[in-house]
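Engineer: Throw the hints in and build the complete structure from the sequences for me.
Protein chains: 2
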Amino acid sequence: MQSIKSYINDNKDRFLNELIDLLKIPSISADSAYKSDVLKTADAIKISLEKAGCDHVEIYETEGYPIVYGEKIIDKNLPTILVYGHYDVQPPDPLDLWNSPPFDPIIQKTELHPEGAIFARGACDDKGQMYMHVKAMEYMTTNNELPCNVKFMIEGEEEVGSVNLAKFVKANREKLVNDVILISDTGMIAPDVPSITTGLRGLSYVEVEVTGPNRDLHSGLYGGAVANPINVLTKMIASLHDENNHITIPGFYDKVEELSDAERAEMAKAPFSLDAYKKSLDIDAVYGEAGYSTNERNSIRPTLDVNGIWGGYTGEGAKTVIASKAYAKISMRLVPHQEWEEITELFKTHFESIAPEGVKVKVTPHHGGQGYVTPIDSVGYKAASKAYEQTFGKTPIPQRSGGSIPIVSLFEEELKSKTILMGFGLDSDAIHSPNEHFGVWNYLKGIETIPWFYKYFTELSK
Amino acid sequence: MQSIKSYINDNKDRFLNELIDLLKIPSISADSAYKSDVLKTADAIKISLEKAGCDHVEIYETEGYPIVYGEKIIDKNLPTILVYGHYDVQPPDPLDLWNSPPFDPIIQKTELHPEGAIFARGACDDKGQMYMHVKAMEYMTTNNELPCNVKFMIEGEEEVGSVNLAKFVKANREKLVNDVILISDTGMIAPDVPSITTGLRGLSYVEVEVTGPNRDLHSGLYGGAVANPINVLTKMIASLHDENNHITIPGFYDKVEELSDAERAEMAKAPFSLDAYKKSLDIDAVYGEAGYSTNERNSIRPTLDVNGIWGGYTGEGAKTVIASKAYAKISMRLVPHQEWEEITELFKTHFESIAPEGVKVKVTPHHGGQGYVTPIDSVGYKAASKAYEQTFGKTPIPQRSGGSIPIVSLFEEELKSKTILMGFGLDSDAIHSPNEHFGVWNYLKGIETIPWFYKYFTELSK
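Chains A and B supply the protein sequences, listed in that same order. If you count by this note's numbering, then the first sequence holds residues 1 to 462, one letter each, in order. If you count by this note's numbering, then the second sequence holds residues 463 to 924, one letter each, in order.
Bear in mind the hints are in silico, worked out from the structure with no lab data behind them. For glycine and all other residues, C-beta sits at the position ideal for the given N, C-alpha and C. Treat the hints with caution; some may be incorrect.
[Stated by the list, open to error] Not the full set, but computed from the structure, chain B residues with beta-carbon under 8 Å of chain A:
1. K571
2. I699
3. A752
4. R759
5. N769
6. Y775
7. E778
8. T782
9. K791
10. T811
11. A892
Structural biologist: Here it is as structure tokens:
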């Protein structure tokens with residue numbers, strides 16, 4: 001395994017160029033206009049897995065986008081690692097806030113990435129982090145260093161809820177049998193502070209529609225006399241938080257896991273500068289649920305955020321109209337023990353119940369997933385910790401993330417194995433935002449660290 | 463004046479075709495993309511005024527869109543009527559709710575318009591109603607029936623606040639001297655219930671912008687820990703009304719004219735069916751300020767409505783983002799004695815004061831205007847009433863409208879004359895909405911009634 005550093009050095013440019021080619025394909029799963037691009041990306045992943053040394057790589061069709069599956073079984077008596085990743089990306093808009101086109105990757109230096117970062121939608125989430133595994137695999141097969149069996153499962157619908165992956169997993173439990181699941185789709189605290197994500201939040205994502213009059217109306221002739229769907233929607237959304245920023249949906253907190261004071265004290269030890277945080281976001285104050293710190297608010301506490309809102313006239317100038325309809329997309333991040341389907345139902349029931357007379361309300365669930373917590377005394381966690389120690393020279397910090405990878409809890413339920421989240425991105429990499437990027441150093445460090453995980457996991461499993 | 467009916471009958475098709483040609487030009491003043499079309503419309507109006515018998519028709523340039531002015535002075539000792547109208551139109555969106563293209567006029571029958579209605583943006587507001595005056599003028603000059611002097615002033619910025627018209631009026635008070643101002647830019651109660659608008663609401667129109675973090679953020683990583691500009695905006699807007707739907711801006715109601723019980727009892731006599739109103743809008747209940755009837759809410763009471771709201775991801779599917787910015791367009795309809803500039807300032811001060819920590823708020827005033835009330839014992843009102851009696855066979859009902867024609871109170875201030883609002887549209891004509899239309903019967907009835915106003919106004923002025 002000692003040759004990994006020189007292998008990376010010899011192949012660095014090729015590793016970058018291959019990723020750049022992958023990033024050029026706009027595989028936006030949320031927008032059906034990009035269907036052929038999403039399918040093209042699946043084909044590209046299949047070829048790259050074959051080149052990396054996988055046997056039996058196949059594209060499995062689903063009712064949505066296909067799953068690319070490949071494996072290399074060297075000895076049935078050795079452990080098996082299942083690598084999961086996704087080849088779809090978030091929509092890039094608002095496009096006008098990108099400094100370079102989202103599907104025309106460029107490498108530029110930044111303060112946090114003095115060796116350069118690749119700017120493109122999907123650079124970090126998740127094409128870049130997924131491709132680290134492909135290149136780590138290439139190293140191990142090419143240099144006869146693969147210490148165990150490996151299975152790759154790369155999907156194209158992570159950004160839209162992994163509905164078809166869930167069906168695929170349930171239908172293929174035997175094929176997917178493994179000893180640990182390895183995912184790089186999270187971040188680490190800082191380049192010099194490696195961390196392993198031990199918790200993820202769940203998600204419930206809904207769209208709401210408020211309909212008032214059957215047509216847009218003149219606000220002079222009807223203003224004040226009929227319910228204005230936009231005014232009503234703002235009132236309904238506003239009422240979802242109380243003055244302490246607690247969510248007001250009845251039953252919402254019933255199953256929330258409350259951490260002990262000791263656990264919260266442990267969390268508070270993670271390096272964090274509130275000033276630097278505010279400065280990086282250009283805000284004068286943070287905001288959130290009373291009684292919790294910033295790091296608690298975005299990891300161990302559930303939230304409700306409007307992700308989009310629209311209605312009425314939004315063009316240049318003024319239009320005096322009362323819109324017939326107003327809309328919002330709302331997501332709730334959930335913590336362990338909150339059942340996402342139950343929360344979606346609680347939201348729907350509550351939101352419909354608070355609609356005033358004069359409007360009709362429709363709530364459409366989009367997708368969701370369970371939260372997840374992984375123990376730090378598992379073989380997988382220990383192997384990951386040792387791998388980071390090897391390549392970073394530091395013991396990684398266990399960290400609860402506010403993000404969601406809804407499929408992770410399903411993996412545990414169906415495949416009975418733990419997931420290890422080895423993320424190499426930074427919070428500032430702007431995933432889901434304009435100017436998403438992934439550090440070149442981080443990308444190569446990921447490729448370097450992964451084979452060590454394979455080695456230590458195999459050794460510790462003996 | 464007796465030949466007006468046969469003249470209309472002989473020229474009906476031409477009258478319709480000329481209006482249809484005018485409606486084909488998308489003169490959207492709010493959207494600079496249509497600049498050349500707005501200018502083209504001014505040219506068309508100039509030609510039509512010349513053909514109708516006006517002398518000295520000129521296009522007066524302004525800092526925005528031009529004003530078309532023409533006159534016919536037959537005798538300085540006779541009274542002078544100043545006709546005002548506008549050739550610009552509202553934006554047509556949402557386009558997908560139109561049953562036919564907004565600038566490709568078609569005539570179709572409806573329940574309320576058994577003789578057909580012209581469907582197009584501007585059909586009623588105001589190209590159709592303005593053009594009635596041009597055709598009435600044509601009749602009077604062609605048939606030697608013009609009993610007094612007439613001045614036409616047709617602007618292209620009514621839908622965006624008439625800022626440059628106000629300047630023009632102030633600078634040209636001598637040229638515009640008149641005995642009464644005549645406008646058709648309002649409606650009547652029903653084809654068999656003619657009415658004259660005696661009150662208009664004022665307007666203050668603002669745009670608000672809430673900025674949170676300096677970029678769009680991943681709602682998992684930051685959700686719950688930073689102020690979400692959309693959530694904040696909904697809370698701020700929701701707080702602008704209390705539980706009785708009173709507006710909460712301090713000082714907002716200070717100058718509101720309160721009507722006496724007698725006046726309110728008089729208003730309540732106007733024919734109105736709440737069931738028919740609800741049915742026509744397809745709503746199960748009306749909504750508004752506690753303590754007032756529907757007709758009061760949309761005429762004698764001030765209101766605050768969101769006309770547009772936007773922020774975050776509004777495309778297909780789901781995106782888990784916290785937007786950096788959220789926006790809304792908000793208009794307030796004002797009643798007599800409320801000063802629109804003062805109200806705009808009260809709004810701005812209040813809205814900025816309620817912004818929570820963690821966001822920045824910007825309030826941009828768009829435009830506004832004063833409310834207006836005209837007496838029913840003036841010569842102008844009496845002449846209009848007699849004109850309706852002549853052509854409808856019924857005495858018209860005086861009616862306060864909820865709409866605004868901000869320039870009307872400025873006319874009174876600068877030109878010292880009263881405005882008579884003879885509207886021939888119906889509330890159901892969907893002005894400012896998709897499928898705006900104007901009844902063919904109403905259009906022709908307007909052309910028929912206007913010359914009688916000229917006759918009676920001249921007679922009663924002696």
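Engineer: Work down the list of hints and note, for each, if the structure agrees.
Structural biologist: For each hint, the structure was consulted:
1. K571: Given a least distance of 18 Å, the restraint on K571 of chain B is violated.
2. I699: Where the cut-off is 8 Å and the nearest Cβ of chain A is about 4 Å from I699 of chain B, the hint holds.
3. A752: Result: violated, 12 Å to nearest chain A Cβ.
4. R759: Interface hint status for R759 of chain B: holds (4 Å vs cutoff 8 Å).
5. N769: N769 of chain B check passes; min Cβ-Cβ to chain A is 5 Å, inside 8 Å.
6. Y775: holds (4 Å)
7. E778: Nearest chain A Cβ about 5 Å off; hint holds.
8. T782: holds (5 Å)
9. K791: Since the shortest Cβ distance to chain A is 6 Å, the answer is holds.
10. T811: violated (20 Å)
11. A892: Because about 6 Å separates A892 of chain B from the closest Cβ in chain A, which is inside the 8 Å limit, the hint holds.
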